[in-house]
Amino acid sequence: MLPTPKKFKVVAGGAEGRSKLTAFDNALLKAGVGNVNLLKVSSILPPSCEFDADFVLPLGALTPIAYGSIVSDVPGETIAAAVAVGVPAEETMGVIMEFSGKCTKEEAETTIRKMVEEAFEVRNLELKEIKVCAVEHKVEKIGCAFAAAPLWY
Amino acid sequence: MLPTPKKFKVVAGGAEGRSKLTAFDNALLKAGVGNVNLLKVSSILPPSCEFDADFVLPLGALTPIAYGSIVSDVPGETIAAAVAVGVPAEETMGVIMEFSGKCTKEEAETTIRKMVEEAFEVRNLELKEIKVCAVEHKVEKIGCAFAAAPLWY
Amino acid sequence: MLPTPKKFKVVAGGAEGRSKLTAFDNALLKAGVGNVNLLKVSSILPPSCEFDADFVLPLGALTPIAYGSIVSDVPGETIAAAVAVGVPAEETMGVIMEFSGKCTKEEAETTIRKMVEEAFEVRNLELKEIKVCAVEHKVEKIGCAFAAAPLWY
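Residue numbers (the numbering used here), protein chains in the order written: chain A, 1 to 153; chain B, 1 to 153; chain C, 1 to 153.
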């Protein structure tokens, strides 16, 4: 089987670019994950996967990551992305939620906390804490807001 | 290289949620894949990858999976998702197809069988059988239909 | 961690199908990646990952791949997809960009070269060369244009 990740952190970034994909690329760079290969996952915190703000991803590494992102080319529009990791009180898995939309950072954070709470409720799990990271970006020409939970070893 | 999967099954689930992502999460739980990390693949059945309805996915495992899903927030709407695995008559790879749409389970099944047949025809492969799994869901507020072929080791 | 890829190539294909997903499947076959499991990545060329036009992907292998694709069911429409790998002058990572749209092959190539140049500029990296692969397809009924950089070991 593929190895199960052992560490996570939460990151976010907003940026402009000359195209939609380069705006996304620039937002990844701001979030500190611009130089690795993102492997998008839907999105569970494995048991014993611990928070670690300091791990360094090797250049080009295949990096399992849960993320939300939004790109807009409407000048003046406010866009936001958020990620939240629900850490369980007991030794089991947690849940990661991603959100993006045309809203403020605060609205994105409020929304995503509710999503994690619902996911824990449905699983009859007790929450220890929620790690949230969100960003808002006001579009100049072509902008991207990106938030993610990279998982690592 | 990454290890090639050796087993597969087919699953499906429909559910409501308070948001689109939690509806998706709840549909995954109904389908029995809600507590792992889905790694979406486009979608070949590896040679010697065998049907096994009974394997258990470890919590949080990185799980290669082919899936189709649809989310709707139109009350009363019928949505459906289907997955089909074309198993070859000879010892070679097969093909996995995913489908989702605003239709019934029967329509989804009919559509997806044709897709697998086309994929085998194009490859000059003979079909041994098609494993299909489909689900339909009538939306109350925010609903999701999800069908998948998880691949495992 | 997951193993970091060591080789890459660039491929493209355009095709018709009886459904959108089988058009995509047929375009993959034309591009030579139709019999493996595509694991989509966003999209860095790892350091020391070398161009190799000749590697053969095992049937059903989990294949990290950066790709752009577009499907259209508008008869007569011209669609195009392009991929470009920016290879750095120094020993570090490069950047892979994907593009697809309703345009010609030449337009797709021009656009994607600019995207790679922007990504290198932002990172203060010097370009050694750009490997580009693009395709255009004129839709008969349901068509797909697909371009990709598969990464391998």
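Any given hint could turn out to be false.
Note that the list lumps identical chains together, so a pair holds whenever it fits in one copy or between two copies.
Unchecked claim - Calculated cross-link-like contacts (lysine to aspartate or glutamate; reagent style EDC-like; alpha-carbon spacing at most 16 angstroms):
1. 20 to 117
2. 30 to 121
3. 105 to 121
4. 6 to 107
5. 9 to 91
6. 141 to 126
7. 7 to 52
8. 6 to 73
9. 102 to 90
Worth flagging that the hints you see were computed from the coordinates, not collected in a lab.
What label fits residue 7 with residue 52 when the C-alpha limit is 16 angstroms: within, between, both, or neither? within (6 angstroms within a copy, 31 angstroms between copies)
Residue 6 and residue 73: within-copy, between-copy, both or neither at 16 angstroms Cα: Answer is neither: 37 angstroms inside a copy and 36 angstroms across each miss the 16 angstroms cutoff.
Is it within, between, both, or neither for residue 102 and residue 90, if the alpha carbons may be no more than 16 angstroms apart? Answer is neither: 35 angstroms inside a copy and 40 angstroms across each miss the 16 angstroms cutoff.
Give the relationship of residue 6 and residue 107 under a CA distance limit of 16 angstroms: within one copy only, between copies only, both, or neither. neither (30 angstroms within a copy, 42 angstroms between copies)
Between copies, within a copy, both or neither: which fits residue 30 and residue 121 at Cα up to 16 angstroms? between (33 angstroms within a copy, 15 angstroms between copies)
Please work out whether the CA atoms of residue 20 and residue 117 approach to 16 angstroms or closer within one copy, between two copies, in both situations, or in neither? between (32 angstroms within a copy, 14 angstroms between copies)
Alpha-carbon proximity between residue 141 and residue 126, which holds within one copy, between copies, both or neither at 16 angstroms: So residue 141 and residue 126 fail the 16 angstroms test inside a copy (43 angstroms) and across (26 angstroms) alike.
For the identical chains here, do residue 105 and residue 121 meet the 16 angstroms Cα criterion within one copy, between copies, both, or neither? Answer is neither; intra-copy 24 angstroms and inter-copy 29 angstroms both fail.
Up to 16 angstroms CA-CA - residue 91 versus residue 9, copy category: neither (18 angstroms within a copy, 28 angstroms between copies)
When the structure is compared with the earlier hints, violations turn up for hints 3, 4, 5, 6, 8 and 9 and for no others.
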